[in-house]
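Q: What follows is each chain in one-letter form.
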Amino acid sequence: MAVKDAEGYVTEDGRTIGGVVMEMRNITLRFGGVVAIKDISFDIREGEIRAIIGPNGAGKSSMLNVISGFYNPQEGEVWYRGSLRPPMKPYQVAQQGIARTFQNIALFEGMTVLDNVMTGRLTQMKAGMFAQAIWKGKAEREEVENRELAEQVIDFLEIQSIRKTPVARLPYGLKKRVELARALVSQPSLLLLDEPMAGMNVEEKEDMSRFILSVNDEFGTTIALIEHDMGVVMDLSDRVVVMDYGKKIGDGTPDEVRNNQDVIDAYLGVAHD
Amino acid sequence: MVSIPALLARNAASFGNAPAYREKEFGIWQSWTWAEAQEDIRALAKGLILKGAGPGQFVAIIGRNRPALYGAMVAVQMTGAVPVPLYQDAVAEEMAYVLDHCGASIVIAGDQEQVDKVLEIADRLPEFREMIYLDPRGLRKYDHTHLTAFADVKEAGRTQGDDAELDRRIAALGPDDTCVMLYTSGTTGKPKGVVLSNRNIIETAKNSAEFDHLRQTDSVLAYLPMAWVGDFIFSIGQAYWTGFCVCCPEAQHTMMTDLREIGPTYYFAPPRIFETQLTNVMIRMEDAGRLKQWMFRTFMDHARKVGPKILDGESVGAWDRLKYRLGELFVYGPLKNTLGFSKVRVGYTAGEAIGPEIFEFYRSLGINLKQLYGQTEASVFITQQPDNAVSADTVGVPSPGVEIRIDDSGEVFYRSPGVFVEYYKNAESTAGTKDAEGWVATGDAGFIEEATGQLRIIDRAKDVGKMANGSLFAPKYVENKLKFYPNILEAVVFGNGREECTAFINIDLTAVGNWAERNNIAYASYQELAGHPQVLQALREHVAEVNASVAEDEMLSGCQVHRFVVLHKELDADDGELTRTRKVRRRIIEEKYADLIAALYDGSESVSTVTEVTYEDGRKGSISATLKVVEADVVDVAPKAMAAE
Chain U
1 MAVKDAEGYV
11 TEDGRTIGGV
21 VMEMRNITLR
31 FGGVVAIKDI
41 SFDIREGEIR
51 AIIGPNGAGK
61 SSMLNVISGF
71 YNPQEGEVWY
81 RGSLRPPMKP
91 YQVAQQGIAR
101 TFQNIALFEG
111 MTVLDNVMTG
121 RLTQMKAGMF
131 AQAIWKGKAE
141 REEVENRELA
151 EQVIDFLEIQ
161 SIRKTPVARL
171 PYGLKKRVEL
181 ARALVSQPSL
191 LLLDEPMAGM
201 NVEEKEDMSR
211 FILSVNDEFG
221 TTIALIEHDM
231 GVVMDLSDRV
241 VVMDYGKKIG
251 DGTPDEVRNN
261 QDVIDAYLGV
271 AHD
Chain V
1001 MVSIPALLAR
1011 NAASFGNAPA
1021 YREKEFGIWQ
1031 SWTWAEAQED
1041 IRALAKGLIL
1051 KGAGPGQFVA
1061 IIGRNRPALY
1071 GAMVAVQMTG
1081 AVPVPLYQDA
1091 VAEEMAYVLD
1101 HCGASIVIAG
1111 DQEQVDKVLE
1121 IADRLPEFRE
1131 MIYLDPRGLR
1141 KYDHTHLTAF
1151 ADVKEAGRTQ
1161 GDDAELDRRI
1171 AALGPDDTCV
1181 MLYTSGTTGK
1191 PKGVVLSNRN
1201 IIETAKNSAE
1211 FDHLRQTDSV
1221 LAYLPMAWVG
1231 DFIFSIGQAY
1241 WTGFCVCCPE
1251 AQHTMMTDLR
1261 EIGPTYYFAP
1271 PRIFETQLTN
1281 VMIRMEDAGR
1291 LKQWMFRTFM
1301 DHARKVGPKI
1311 LDGESVGAWD
1321 RLKYRLGELF
1331 VYGPLKNTLG
1341 FSKVRVGYTA
1351 GEAIGPEIFE
1361 FYRSLGINLK
1371 QLYGQTEASV
1381 FITQQPDNAV
1391 SADTVGVPSP
1401 GVEIRIDDSG
1411 EVFYRSPGVF
1421 VEYYKNAEST
1431 AGTKDAEGWV
1441 ATGDAGFIEE
1451 ATGQLRIIDR
1461 AKDVGKMANG
1471 SLFAPKYVEN
1481 KLKFYPNILE
1491 AVVFGNGREE
1501 CTAFINIDLT
1511 AVGNWAERNN
1521 IAYASYQELA
1531 GHPQVLQALR
1541 EHVAEVNASV
1551 AEDEMLSGCQ
1561 VHRFVVLHKE
1571 LDADDGELTR
1581 TRKVRRRIIE
1591 EKYADLIAAL
1601 YDGSESVSTV
1611 TEVTYEDGRK
1621 GSISATLKVV
1631 EADVVDVAPK
1641 AMAAE
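Same order as they appear, the protein sequences are chains U and V. With the first letter of the first sequence counted as 1, position 243 gets the number 243 in this note's numbering; the numbers rise by one all the way through. With the first letter of the second sequence counted as 1, position 509 gets the number 1509 in this note's numbering; the numbers rise by one all the way through.
Do not take every clue at face value.
Okay, derived cross-link-like pairs now, DSS-like style, lysine-lysine, Cα gap no bigger than 30 angstroms in a straight line [unchecked claim]:
#1 K164(U) with K1292(V)
#2 K1323(V) with K1305(V)
#3 K175(U) with K1024(V)
Derived from the structure by calculation, the hints contain no laboratory data.
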């Protein structure tokens, strides 16, 4: 890999990675006496696929929740696009162009796939309640635009055949894909994926990997993901942060991380003090 | 009319505002009129000329049914080159043979998957120089020196193309110029390139369209592989001749929804699709409430009794007629609507025998479902059933313009305007199939039924053999009877030159899985379900019933199945066990599963085996299993009573 500087670098497969979009500086997150994240710093660059890995309970999901603004860390700073981000509500974070999926799928089970995907546009809708109720003018135009976007994403993720199917009737792998669709339809510049392949079989994992790569490739979306499956992580991501017991124990390209003694210890199990 | 491009010009001139194509994209049906289609196709043709396409060349087209690809087939012909559609689900290895054999210089690929497959084998294709792709997803970063987007080719043709040159090339096309070259999947050996001329296609389309009174306002759903001759005749031949609208599904899995939305008036499906739809209806009915179940049963019983008669215009009592009307209101109408058959005027099934119950089910609903018999070499039509003269076990009277002859060995021969020109670069096979007078051997054994004058097909001529005791062996006849059971997806019967017949059976996962669920039978995999004792028992009963029915036929009573195994994997085209059109490849199966066949004849009670499988992406793996050899009840047909087995 080429030298990483402020302007970015070019990966082996020819993708251009830009400058830093998001920077976590000395983040510490506590729940009462429990320290979930301890003094962690790392950055995410424009257009890259950044993975956060680590054994169970390492604090990965907490980290993702900090990025998505769901948790506000007691210490440390989150810098987003060159400015310090004040504590925010999740919807404000969403309005900044950050979208996410959840580890335990959080869809509206009784609604159809299409309706679920459309909810991803809610933060972008501007027409007032009255206009939406009578569905005239701006409300109508917005709905048409949003539906077009939703349909493009449905086409992209190849879920046309389940467009009108209630989510509750779908198998797990497809629900995950619908969740990704909902996140994508908001046209995020930063996409957070919480264990996108958890509980999937090999074929579903392959499909999901293909979609993650295409999203990154086609829309230039920056992606941060948490994943258990080491094989998948190493194949997909440009850079990897490794966490263990709330601490960062490794950061670098998949190859660097793979050869990092601390990481090997964490995964193979070494007694902790 | 001398060529398909000439028909396109005629259609654009005489009903330019009528829809030529529809496709569902982004959730909405988009349509193209004949005038728009002509404009688009001409632009593409001009672009292809700029890319160097011209007389003497072959252009391969690989992808799912999309208006742009149908247009491409016509555009290729306009340039003077020959279009060669390929099966999109073929693995790279199979494509390599065909692309190399025809020496395709340009490949038009539907999406990234197809592009990848061709690139993988590109170094083995000396003639190949350009690829054009339709769906740009995932292809942005590819090396574009020999790769161009479909839209760019069209745009180049529109802005820089030479109309006069294109008109000159279209005018040069005659009835004897090649319209399309289609590779037959071939149950044995390598695929053969069947060359069909404009005359073949247009004459056949004209005759068959007149036979069924097809109209310009008709519509079809194009969902069967573009590389298959039937799709070419329906979606290009007949569509261009009559000017009806060809509708393309949104994606492979949305076909059923799209069928319902479009409600075609002219419909074609292999028996397998009708079977699947019927199985789904039955499974869903089992989940329905009591009242609905009662209504369904009552009215379907009535429909079976009088439906086909009403369809054929026979006289039916007033009360029965009224009850059928009620049934139409409550059951048949809504059911046809759900299936997408509300508007079907002419429906065909072909390719395999269809189960009488399945056939009757659709006809009793008032759907004009008929059978036809044909093959690639005949531009499809050899025989077809006229309206009101339909039965499940015959395939119809000779199509208009077709002559039929049956030789002493029982093999069916035909001669027609649709008879193919030649097998490309294979004069030997051409001579072996088509004689000097133009008679073509079908390779099927059959006879003309005296009562109806319709052709009845028994089996592939080369598969018909003799048992050790000299009686007739016709495996397909027995296999079809087995496959009529919803639980059985595929069956292969062995016994040529042997004392007794035996069989391989594939369960139908949908039907058997549903049955297992209802009966609280737990299973973890296809393999486990296939080997479940209760499943084996159910299949044993099916086989016994088939044996009883086979025993009634004096000629074929020797073909009763004495023993069978239920296979641990589905027979699959990717493993070479079926053709792409899903016909059983007997020789290959016999070689591959020689150990199982041996076990069927040496008295073993079970057999352990390891089978190699090919995944969709071309990788290989293996499955091992221990299969139980099941003894089936047979009916004793010898004149003297003998001790039962």
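Q: For the pair supplied as a hint, K164(U) and K1292(V), confirm whether the alpha-carbon distance does not exceed 30 angstroms.
A: holds, 24 angstroms
Q: Mind checking the alpha carbons of K175(U) and K1024(V) for me, to see if they're no more than 30 angstroms apart?
A: Status holds; Cα separation ~23 angstroms.
Q: Keeping to a limit of 30 angstroms between CA atoms, is the pair of K1323(V) and K1305(V) held or broken?
A: It holds: about 11 angstroms lies between the C-alpha atoms, which stays within 30 angstroms.
Of the numbered hints listed earlier, not one is contradicted by the structure.
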